[in-house]
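Engineer: Sequence:
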Amino acid sequence: MEVINTWLLDKQARLIVEEIPYLKSAALGVYIKLGSRHEKEEIAGASHFIEHMLFKGTESRSARDIAESFEEIGGQLNAFTSKEFTCVYARTLDENISSAMEIIFDMLFNSTFATRDFATEKEVIIEEINIYEDTPDDLIHDLFARNLWQGHPMGSPILGTLDSVSAFSRDEIFDFYKKCYVPSNMVIAVAGNVDKNLIKEQVEKCLVRQPLTQVNWPEPKHSEYSSFVRLLEKETEQVQICLGVPGISYFDQNRYVQNVMNSILGGGMSSRLFQKIREELGLAYSVYSSPSTYSDTGSYSFYIGTGPGKIATFFEALYHELEFFVSRGVSEREVSRTQQLIKSSMYLGLESVMNRMSRLGKSFLMYNRVIPVEDVIKEILAVDAGKIQSFSSNILQKPAFSLAAIGPAEVLPQVEKEFHKWWG
-11 MEVINTWLLD KQARLIVEEI PYLKSAALGV YIKLGSRHEK EEIAGASHFI EHMLFKGTES
49 RSARDIAESF EEIGGQLNAF TSKEFTCVYA RTLDENISSA MEIIFDMLFN STFATRDFAT
109 EKEVIIEEIN IYEDTPDDLI HDLFARNLWQ GHPMGSPILG TLDSVSAFSR DEIFDFYKKC
169 YVPSNMVIAV AGNVDKNLIK EQVEKCLVRQ PLTQVNWPEP KHSEYSSFVR LLEKETEQVQ
229 ICLGVPGISY FDQNRYVQNV MNSILGGGMS SRLFQKIREE LGLAYSVYSS PSTYSDTGSY
289 SFYIGTGPGK IATFFEALYH ELEFFVSRGV SEREVSRTQQ LIKSSMYLGL ESVMNRMSRL
349 GKSFLMYNRV IPVEDVIKEI LAVDAGKIQS FSSNILQKPA FSLAAIGPAE VLPQVEKEFH
409 KWWG
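Counting in my numbering, the sequence shown runs from -11 upward without gaps.
There's no promise every hint is true.
Claimed, not checked - Below, simulated DSS-like cross-link-like pairs (lysine-lysine); rule was C-alpha separation at most 30 Å, straight line:
(1) LYS21 with LYS350
(2) LYS44 with LYS166
(3) LYS222 with LYS298
(4) LYS188 with LYS166
(5) LYS386 with LYS375
(6) LYS264 with LYS222
(7) LYS12 with LYS188
(8) LYS21 with LYS(-1)
(9) LYS12 with LYS193
(10) LYS110 with LYS167
(11) LYS350 with LYS188
(12) LYS209 with LYS350
(13) LYS409 with LYS222
(14) LYS21 with LYS188
(15) LYS222 with LYS405
(16) LYS167 with LYS21
(17) LYS193 with LYS21
(18) LYS350 with LYS12
(19) LYS110 with LYS222
(20) LYS386 with LYS209
(21) LYS184 with LYS366
(22) LYS264 with LYS405
(23) LYS386 with LYS264
(24) LYS44 with LYS167
(25) LYS28 with LYS209
(26) LYS350 with LYS193
(27) LYS(-1) with LYS28
(28) LYS350 with LYS167
What the hints assert, rightly or not - Pair ranges (Cβ atoms, derived):
(29) ILE365 with SER211: 35 to 41 Å
(30) GLY337 with GLY295: 32 to 38 Å
(31) VAL112 with LYS386: 41 to 47 Å
(32) PHE239 with GLU311: 27 to 33 Å
(33) LYS331 with GLY270: 28 to 34 Å
(34) GLU189 with ASP240: 34 to 40 Å
(35) GLU320 with ASP151: 48 to 54 Å
In case anyone wonders, no lab produced these hints; they're calculated from the structure. In this text, a Cβ means the ideal position worked out from N, Cα and C, and glycines have one as well.
The task is simple: from the sequences and hints, build the whole structure.
Structural biologist: Pasting the structure below:
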């Protein structure tokens, strides 16, 4: 069993520490409840921009100082932004976690957003957006999300848009950063060969000068979902296709059923869709299903990149595979194999200090508690074929399906025609 200690600190940050004395490493992650869904339209991409600016220098360290400090201790430092949170994380030898922590908290609270760096980073992120726009197998998922959550920040691209990023003002983004990067809006997760009391003492020291303020997010309501077809013309060799339906939140108890179902249906190389559409029919190099769960919503989608001459065959094959899956269900053998796969993956993941830290931080951020691995596995093992059939018939209803596609102008009408032929 895991030995995990949690505290609500004086500054209202949540700290969670797992001591693993047999390791020689440690990992630290600070999770900030700030993502693309928390942005107004005019500052779309601000959370991601702030993440970049954290590495550009503080009142006492330049960008070079930050990079060299981690190289000197042989540590790894990185960050990422999602729809609902930002994470800054590091992995070091156990003896250097204190140094890493001091640098990270300096970045989190004392970044200067120097005018010159701000202008430079604008250009960097504009190029990042341009690269993304030129990568249709990534862009297709944003196109689908933008229409699934139309009019809601959940549909906004994490990077922002060329227009929004170009219009950023330094003072506006800096004020947003100062408002959101406060202890009460953070979960701090540490795992590895550490002393929990020393970690708590140092974190409190790092937070002592920070304000005791709360961040209140006025959440816009989701608009009523209606199915859509969204086609984007691009001169590509392949047609990128994403079909999907609204999904469940990560609070929904059916998330365990969905996890098992997805693995069987389209989540890996042994899945039905991979075996049928790639291995048997040779319609694609990449084909998969993908659930996304958030605090109050979700999606379930299917992706393929295929040649223009294979569109009709793909839609027919996908339709019949889904119809068969919903109407005939799955075998207990498939369920058992998948349960063992998930169980193995979870336990093997615990051998990574980064995975342990990430699990702690995300769990506390989402549920305000850590769900023991044994409890998660118990829920996974409780899934049976009947639960999967019931869930799949509820979520994969024909009228709920929507389509997004990217490809040459002369091909897209066929994509729409085939979609309507099978899904109405």
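Engineer: Compare the structure with each hint and give your call.
Structural biologist: Structure-based check of all given hints:
1. LYS21 with LYS350: holds (10 Å)
2. LYS44 with LYS166: holds (16 Å)
3. LYS222 with LYS298: holds (18 Å)
4. LYS188 with LYS166: holds (23 Å)
5. LYS386 with LYS375: Satisfied, since the Cα-Cα distance of roughly 19 Å is no more than 30 Å.
6. LYS264 with LYS222: Holds. LYS264 to LYS222 sits at ~28 Å (cutoff 30 Å).
7. LYS12 with LYS188: Holds, at roughly 20 Å.
8. LYS21 with LYS(-1): holds (15 Å)
9. LYS12 with LYS193: holds (25 Å)
10. LYS110 with LYS167: The hint holds at about 21 Å.
11. LYS350 with LYS188: holds (19 Å)
12. LYS209 with LYS350: This hinted pair holds, its Cα atoms lying about 24 Å apart.
13. LYS409 with LYS222: With Cα atoms ~24 Å apart, LYS409 and LYS222 stay inside 30 Å; holds.
14. LYS21 with LYS188: holds (21 Å)
15. LYS222 with LYS405: With Cα atoms ~18 Å apart, LYS222 and LYS405 stay inside 30 Å; holds.
16. LYS167 with LYS21: Measuring from Cα to Cα gives roughly 12 Å; hence the hint holds.
17. LYS193 with LYS21: holds (22 Å)
18. LYS350 with LYS12: holds (23 Å)
19. LYS110 with LYS222: holds (26 Å)
20. LYS386 with LYS209: At roughly 25 Å apart (the allowed maximum being 30 Å), LYS209 and LYS386 satisfy the hint.
21. LYS184 with LYS366: holds (29 Å)
22. LYS264 with LYS405: holds (22 Å)
23. LYS386 with LYS264: holds (21 Å)
24. LYS44 with LYS167: holds (19 Å)
25. LYS28 with LYS209: holds (13 Å)
26. LYS350 with LYS193: holds (24 Å)
27. LYS(-1) with LYS28: Given that 30 Å is the threshold and the Cα spacing comes to 27 Å, the pair holds.
28. LYS350 with LYS167: holds (22 Å)
29. ILE365 with SER211: 35 to 41 Å: Between ILE365 and SER211, where Cβ atoms are some 37 Å apart, the hint holds.
30. GLY337 with GLY295: 32 to 38 Å: The hinted range 32 to 38 Å holds for GLY337 and GLY295, with Cβ atoms some 36 Å apart.
31. VAL112 with LYS386: 41 to 47 Å: holds (44 Å)
32. PHE239 with GLU311: 27 to 33 Å: holds (30 Å)
33. LYS331 with GLY270: 28 to 34 Å: Given a distance of about 33 Å, which is inside 28 to 34 Å, the answer is holds.
34. GLU189 with ASP240: 34 to 40 Å: Distance hint for GLU189, ASP240 holds at roughly 39 Å.
35. GLU320 with ASP151: 48 to 54 Å: holds (53 Å)
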